[in-house]
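Note that our numbering gives residue 29 to position 19 of the sequence shown, counting from 1, and the numbers run on in steps of one.
Incorrect hints may appear among the rest.
Quick list of simulated restraints, FRET-style, between CB atoms [claimed, not checked]:
(1) 258 - 349: 46 to 56 Å
(2) 256 - 54: 53 to 63 Å
(3) 170 - 351: 49 to 59 Å
(4) 248 - 373: 24 to 34 Å
(5) 52 - 139: 49 to 59 Å
(6) 311 - 252: 22 to 32 Å
(7) 285 - 354: 21 to 31 Å
Simulated from the structure, these hints should not be mistaken for lab results.
Heads up, the beta-carbon is just placed ideally off N, CA and C, and yes, glycines get one too.
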Amino acid sequence: MSDRTVLHVSGRVLVGPDDVRDELWVVGGRITYERPAGVRDTVTVRGWALPGLVDAHCHVGLDAHGPVPAATAEKQALTDRDAGALLIRDAGSPSDTRWIDDREDLPRIIRAGRHIARTRRYIRNYAHEIEPADLVAYVAQEARRGDGWVKLVGDWIDRDAGDLTACWPRDAVQAAIAEAHRLGARVTAHCFAEDALRDLVEAGIDCVEHATGLTEDTVPLFAERGVAIVPTLVNIATFPRLADGGESKFPRWSAHMRRLHARRYDTVRAAYDAGVPVFVGTDAGGSLPHGLVADEVAELVTAGIPPVEALSATTWGARRWLGRPGLTEGAPADLVVYETDPRADVRVLAAPRRVVLRGRIVG
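Using the sequences and the hints given, assemble the complete structure.
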């Protein structure tokens, strides 16, 4: 496609779950619902169109050992793109991936800076590892480096306790979250267990990643405060393997991880039923491969979230939450076209017919 080519998407355009149109055009990389006049060079794509999918917990530029070379990060981003994930919230990375913003063929990224963790309480080479007295300063630093988000590690295994425990005193997270908000950034936190959740939410946090430790006591608190969760169920599926690996050294932790895994679907469904905002994230880039966005949507459906709501968690609702447009008049043309209606069966997300990024067919 040349810059002068007009793209015509024909079939069903899912502007919203109930706003279905017959066609759209892409002119100069942007969407219009008005047929352009006098066009000679047109490419037509037929099928069911959705806004480019959102992976709201992904790590480009990171693998199980830490930062990766740019060539590896490029492959990660291309894998996500080809799976239909055209908007990524990078939930913590030590790599500088700003160069991706200059690439017309790679997904758009919203960065949360580098993880901020307690000393010796997270994966090696991933995070700034600090003590509570420095938390406010590091949150301010990452708020300025990121794209409107900061990522804390809210809990991790405490080797002395032999189990997951909260990483930060309440007064430290309260001051840190207040500083992030003052600087215009939202805050999210990695949390597997139960203990850290109440303090984080009452301190004003905006989102919690994984949130496997939600209980009947904290679900209503999340709903009342409007705190979102990104369950990353494709990552939670690894808990039994992790528990097996740590059984001999940390039996309490292993048993805890198995309990969190066993109730994972009930936890997510309880949160959804209570009105907690739920969004799609894969946690790709640590121990998991990229390109799993369709698998995560399917997992939300397995957990009991209605298919259209699970779709919204990676399309209309997710884009609104992150402040990015969907398939609206004049918006950048980032969309994915499928063979059949994804509202009827979300498994179709695993097989995009066409991927359109910045108005160009890239897959």
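Okay, the hints, checked on the actual structure:
Between residue 258 and residue 349 the beta carbon distance is about 49 Å. The supplied range of 46 to 56 Å therefore holds. Taken as a hint, the range 53 to 63 Å holds for the pair residue 256 and residue 54, whose Cβ atoms sit roughly 54 Å apart. For the pair residue 170 and residue 351, the supplied restraint of 49 to 59 Å holds, since their beta-carbon distance comes to about 53 Å. Separated by about 28 Å at the C-beta atoms, residue 248 and residue 373 satisfy the suggested range of 24 to 34 Å.
Between residue 52 and residue 139 the beta carbon distance is about 55 Å. The supplied range of 49 to 59 Å therefore holds. Our hint of 22 to 32 Å for residue 311 and residue 252 holds, since their Cβ atoms are close to 25 Å apart. For residue 285 and residue 354, the hinted distance range of 21 to 31 Å is satisfied, since their beta carbons lie about 26 Å from each other.
In summary, this structure violates none of the numbered hints.
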